[in-house]
Structure formats: C-alpha cells, structure tokens
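Residues in the sequence shown are numbered consecutively from 10, following the numbering used here.
These are calculated hints, taken from the structure and not from any lab test.
Do not take every clue at face value.
Unchecked claim - Below, simulated EDC-like cross-link-like pairs (lysine to aspartate or glutamate); rule was C-alpha separation at most 16 Å, straight line: (1) Lys149 <-> Glu75; (2) Lys28 <-> Glu113; (3) Lys28 <-> Asp87; (4) Lys40 <-> Glu193; (5) Lys198 <-> Glu182; (6) Lys28 <-> Glu102; (7) Lys149 <-> Glu193; (8) Lys150 <-> Glu193; (9) Lys67 <-> Asp92.
Everything numeric in this text was worked out from a predicted model, so none of it was measured.
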Amino acid sequence: MVKGIMDPIPTLVDSGSSKNFLDINFAQNNKIPLIPLVNPRTVIAIDGKELPNKIKNKATLEVEIEGWTFDITFFVMDLGDTDMILGLDWLQEADPDINWKTLEISWKGRPITAKAGKDLPTIPEEFMEFIDVFSEELFKKLPEHRSFDCNINFEEGSDLPKPAKVYPLSPIESRTIKEFIDQELADGKIRPSKSPIASPCFFVKKRMDP
10 MVKGIMDPIP TLVDSGSSKN FLDINFAQNN KIPLIPLVNP RTVIAIDGKE LPNKIKNKAT
70 LEVEIEGWTF DITFFVMDLG DTDMILGLDW LQEADPDINW KTLEISWKGR PITAKAGKDL
130 PTIPEEFMEF IDVFSEELFK KLPEHRSFDC NINFEEGSDL PKPAKVYPLS PIESRTIKEF
190 IDQELADGKI RPSKSPIASP CFFVKKRMDP
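Generate coordinates for the entire structure from the input sequences, incorporating the hints supplied.
Written as structure tokens, this is what we have:
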C-alpha cells in the first residue's frame, strides 16, 4: 500500500534491479509529485544495452508492506505493465524473509529496535524567559478569546455566491487535506462552519531540490 492510494499496488520484487522504479503513467494518473534529477540517469537493460530514454525524475513514497512502513525513493520511467519495482536497494535496506514457494514476504526474524528521539535544539540563554513560546503543546492551543472577537453576519436577502465545489484532488492530496482538517479540529483551531458560502482550497507545489 502507498500512502494516499487506497488500492494495493501490484509490485515486482527484483534482486536483479539495482534500484527501485516507478511507472511514469502510474505516477501521472495518481498525481504523484515528481522530483527532477540534476543529472538524468542512464538505464542499462538486462542484455547490457543502454535504453534510449534517460530517467529524468524520481519520487519518494511512503509504502506499507506486510505491516512495515518504508520511505522509498523510486526512479520514474516507463515500466509497461508493471507499476512498481522494488530492487536491490530496497532488499538490502528491508532485508525481508522471502518464501519462494508461496511468494510471500515477511519479517519473522527481524528484530525490533527502538528509535532515538529527536534532539531538541538548545534555546539561547537570552530567550529562556520566552521558553513557553517554543512549546509544542502551547502551539496546539488558540490564544484566549478577547473582546475583539466578532461575528461576520450577512444582511438578510443578500445575493451571496453559491458555495464552490472542491477542486479535483489526487488520492494523496485528498488524504493530506483530511489529515490536516482532522488535526486542526482536534486541536480546536478550527470548527465546523455555519457560513452559507464556502470556497475551495488548492495545493501549491513546493519546489524540492533533487
């Protein structure tokens, strides 16, 4: 399973492939963000010959396999009937147990290791009196309501624009916006709207350095 995509993805596990690959058509159909490569990569086929088209993009996806989650970087190219190839890169990192009779992957012998927490940056001495400002718990809370809070009421009979429809979103975008809204509601930063009008939101792609 890929985060943001509901259906399982048929995947080829290939120890003969040195890298992980994602089909370009699959990426485009699911609106997966692509990261341009600074230097396009040449692909050597199984017969030792170079493929005519170089790889120009990559993509990083959160993939769940048999209960384990991996952040995997794929090179994007035309794979024909295959959506995804997990190559030697992933096999060496994941080190799965493969049952060649049943063609199943598991991690029965994989030890569970504890991950160290993130080191918090040191706050300079001159800012220690404002230490509450750096609190994650405080960040989740709204400031106290004050006398300046006000409602925006429309005049009765006003000609208001109709609520706009949601723009088409990819599965990943839909899941991302749902997670954001759920978190903001849980933190009390937003609440269900009672307004008779509404406007859609949209995503602006952030440039990512390859």
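Here is what the structure says about each hint:
1. Proximity of Lys149 to Glu75 is assessed by CA-CA distance (about 34 Å); at most 16 Å being required, the pair is judged violated.
2. Restraint check for Lys28 and Glu113: the C-alpha separation of about 21 Å exceeds 16 Å, so the hint is violated.
3. Under the criterion of a C-alpha separation no larger than 16 Å, the hint pairing Lys28 with Asp87 is consistent with the structure, at around 14 Å.
4. Restraint check: the Cα-Cα separation between Lys40 and Glu193 comes to about 25 Å, which exceeds 16 Å; the hinted pair is violated.
5. Restraint check for Lys198 and Glu182: the C-alpha separation of about 21 Å exceeds 16 Å, so the hint is violated.
6. About 12 Å separates the Cα atoms of Lys28 and Glu102, which keeps this hinted pair within 16 Å; it holds.
7. Of the pairs offered as hints, the one joining Lys149 and Glu193 holds, with about 8 Å between alpha carbons and a cut-off of 16 Å not exceeded.
8. A hinted pair counts as satisfied when its Cα atoms are at most 16 Å apart, and Lys150 with Glu193 qualifies at roughly 10 Å.
9. In summary, the hint linking Lys67 to Asp92 is supported, as the alpha carbons are separated by about 14 Å, within the 16 Å threshold.
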